[in-house]
Structures are given as C-alpha cells and as structure tokens.
Amino acid sequence: MSVPAELHYTEEHEWVSITGDVATIGITDYAASALGDVVYVNLPAVDAAVTAGEPCGEVESTKSVSDLFSPVDGEVTEVNEELDDDPGLVNAEPYGAGWMFRVRIPAGPGGEAALPPGLLSAAEYEELTKSAG
Amino acid sequence: MLNAYHARVTSQPRHTPLRSVHERLGATMTDFAGWLMPLRYGSETAEHLAVRSAAGLFDLSHMGEIAVTGPGAGAALDYALTGWLSRLSVGQARYTMLCAPDGGILDDLVVYRQADDRFLVVANASNTSVVLAALGERCAAVADATVTDQTDRTALIAIQGPNASRVLADHTAAALGSVRYYTGVHGDVAGSPAFIARTGYTGEDGFEIFCAPEDAEHVWEVLMPAGGPAGAGPGDPAGQAVVPAGLAARDTLRLEAAMPLYGNELGPDVTPFEAGLGKVVRLDKPGDFVGRPALAKLAADAAAGDGPGRTLVGLVARSRRVPRHGYPVMSGDTEVGTVTSGAPSPTLGTPIAMAFVAASAMTAESTGPFGVDIRGRIETADLVPLPFYRKE
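If you read the sequences in order, they're chains A and B.
Just so you know, the first sequence maps onto residues 1 to 133 in my numbering.
Just so you know, the second sequence maps onto residues 1001 to 1392 in my numbering.
In short, the hints are calculated from the structure, not lab data.
Don't take every hint at face value.
To be verified - A short, non-exhaustive set of chain B residues, derived as facing chain A with CB atoms under 7 Å: (1) Ser1043; (2) Glu1044; (3) Ser1126; (4) Gly1278; (5) Arg1282.
All C-beta atoms, glycine included, are put in the ideal place defined by N, C-alpha and C.
Bound-form chain A, shown alone (with noise of 0.2 Å):
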C-alpha cells in the first residue's frame, strides 16, 4: 500500500497537499482499496466554504458510500472534474489524476497560511493503517 512521504495524512484516509496557500485533497491508496471501485465522487461547489473535519462530499463505492470529510477550513478553489467522467480514476491514481479538491486555506495571524492541526506524517499514518489491519 502506497503512502508517499511527502504527503500530510487524516484519520479519516484522506491525503493533504499544500503548495502555497493552497491545499490539494483525495483519499489514500488505503481507502481506495478498501472502499473497491469508486463510481462517483460527489465534490463541494468551486467557492464553498468548508471546515476542517466536516462532511463536504461523498464518495460512492459498489458496495458501500462514504462521507469525504475537508481536512482544513477555507475556500474551494477546484475541483477534479475529470471524476465526473472517470471516477475509476481514484483507485487508479489517487495521489494523482484522482486528486478530488482544492482549498484555499486562510492566512494566520503571521500573514502566512497555517498548517491545520491534527495532520498525520507519513509514518503515523502507515502505523494507523497497519494496526486497522
């Protein structure tokens, strides 16, 4: 199972990554496979706000459907349209072409956009990944 060592991790098997003031958000290899083949995504609307730990979205499986939770607050800047047509793509690619949305995080009192708390480094969420078997 795929956990890049670049990336910022969420309890709820999303993947974080912030260039700028801008975070970049899709589910981890883990959850792909574990959710099987994904048929839809429903994402948040371009200029919504969205709040860290909140449900913004679903993503639909065969067998099961899922809350897709924003791991930070801010404002959505993007979406991946090309799920609209190849949902297939998130367990293809999911640090990749299957990326989901895009949140512009709000800068902190130092002018600077503030790495929300709570984010898992890579090897706290392969430990987290492991001991849920």
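For this one, chain A is given, so just place chain B on it according to the hints.
Here is chain B on its own, set in the frame of chain A:
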C-alpha cells in the same frame, strides 16, 4: 481447554477448500456468514462485466448442501417446502422456499433431484443450520426419509457467463448440450466426479459444479489455469476466457437479474407473494405442507382483490447517488417503502435498486417517479419493470 476450543470454532471464520487459490490470486477476503470468502480479486466491476461478456468463476463452497434421501424423500420435501418436489424427474432442479407456519420465508432454496430416492437441497450459508433443523424436524413426520448435512463434504464452484458452456465442455465428458436450464447430471470435470447443474445466480447461462472438497482445487485450476489461457491479457476479453469473480460481483449480477437475496428481499417477515414469487407456492399439490393454511388464505385474499400490502419493485435512479439497503422510498413527502438492495449497475451505468413499496402507492395514477431518501436528500428514481437485465 474446552472453552478455548469453543471460542476458536465459534469466532474464527471457516475457510473453503479453495483458500490457497484465493490467496494466490490476491483476493480481498471478507467474513460472510461465518466463512472467509473472496469479496473481489481486483476490480469487482471488471469481474461483473467479464461474467456478462465472457465467463467468471465463483467459489460458492460456503453454501449449505443438505441431502434428503430414502423412498419417502419426495413426500417429505413436499411437506417441508412450498414446492411440489416429488414431481421432479431425476436430474431436474427447482427454486423453492422453506416457510414458517405463518407463511414467512425462512430460506429460499434450490432442490436438485439427483436420483429417485435422493434430493440435494442447497441453502444460503447464513441459513444452513435453520434449514437443516427444519428439514430434520419436518421430514421426521414422514416415514423413510433421512436428512444429512453434506456441507463439509461438498465444494461448489460456479462458472457463469456466455462462454461458460464452451469452457466447461472442454473438460467434461458430460453432454452439456442436453443439460437444460435447471437440470443437472452426474459427470466429471477433468476426471474428478461432479454433479454438474445448469443453474446460477447471475442472470447468465452457466453451471454449478458440486464436487468433493479435495477435488475443488483441481476443478478450479482446470477451468482457470494459473497464468491464464494462452494469448490472454488485459484488454483481450476474447482471450481471457475465465476470470475469478468474488461476492461483490455476484451481488451486482444477481441484483441486475432481480434475483432476491435472503436478508434483503426475503426474510421471516416477508411472504412469497409479497416478494412476487407466489409461483413457488404449490397450493395445487396434494396433502398438507408447513405454511399451507396461512399461504392459502393469502392467495385467496389476493384472488378476492385483497393482495399483499406491499410490492417488490425496480427503481432506476436519475442521480448518480446510490439508493442502498434500508433507505426510505418516498412519494412526495410520504414514506411509502424501503430499498431492499441497491447498487451502481455496471451494465446500465446507473444506480439501480429493488424496494418494497406500499400497494396503495402503486395505483395507476401514481406509478412514480418515486424519491429515495439518500442520506437526507431526496433523489428521483423511476419505476421500471424487473429484471433490470435479461440475457439475449
């Protein structure tokens, strides 16, 4: 020690005789009715489509097999089940039900007449002990019938799909051309003795192969050689004659074919009439059978215009959000039913569902569309005739 042993046998899922095959194929396994079963080997959608277009191989060794034998076996089953099994010729099979005295469904079954004095009853894995106990009790009332559990002595492999007959024919001396739908013959698969029946749970042509557990790997390997047939490869469906298929694909295949699943469409609080399966209740057979008075009254009520209060219907969602088991079905603001099974249909490319809907909501003026309350938001779903898929 006894406690430890007891804990082990009750909490650890059982393995089928094909465990090592599934491990070699890298299957994702799941606990199903106390058995560790392959859920999928790769993409369940690809497995589903392969069964529709070519052929898939399923391990169904978790199913319960119960033999009813003796000169009174046919009469015993006529009393125990809703069907008229004593009328079957040797080699014939029948879909039938075990009902409670109140007419509720305790299991749906396929019964094969394997000899004059031998019937094989195939039960759902989750209900095998219930069926075994009920048959034991009910058949005891009839002389000369013996009920024995054959589950541990039986492996079951299904090969399903338009290529199934051609693939199996290469490995058996049985004349498959004369094995019609819902019949079976004693034969062999590559030298291993087997009972080969043209039955299945996918909506495709195909066979179910009952064999000894020790022969199961041989039968599987012959039908789907390790490494695949020559010329096979991704994107080469013609060459890829047979793919392994798991329970996830089995569930979407049976749903498209509108075949009921016990625990979803069927249960002790559902009668065969409500499930649209009244034809399995043979009120025209002679003699008493368990459930007859209750079922006869329901049939008489229906004939007098007082039919079941609910109907099993097919729904096709307009949205891509999937109606799933237990979701409420709405007519306007009124809840009129419940989804029994729902899934994204690989063949149709859209979500489908079966649902129980109140008969009062099914009048000529209001035949849908219905709404399905999908996690708090109502999505429109159109009423369609069942099944969703029928093979050409």
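How the hints compare with the structure:
1. Ser1043: Constraint on serine 1043 of chain B satisfied, holds at 5 Å.
2. Glu1044: 5 Å, holds
3. Ser1126: 17 Å, violated
4. Gly1278: 31 Å, violated
5. Arg1282: 36 Å, violated
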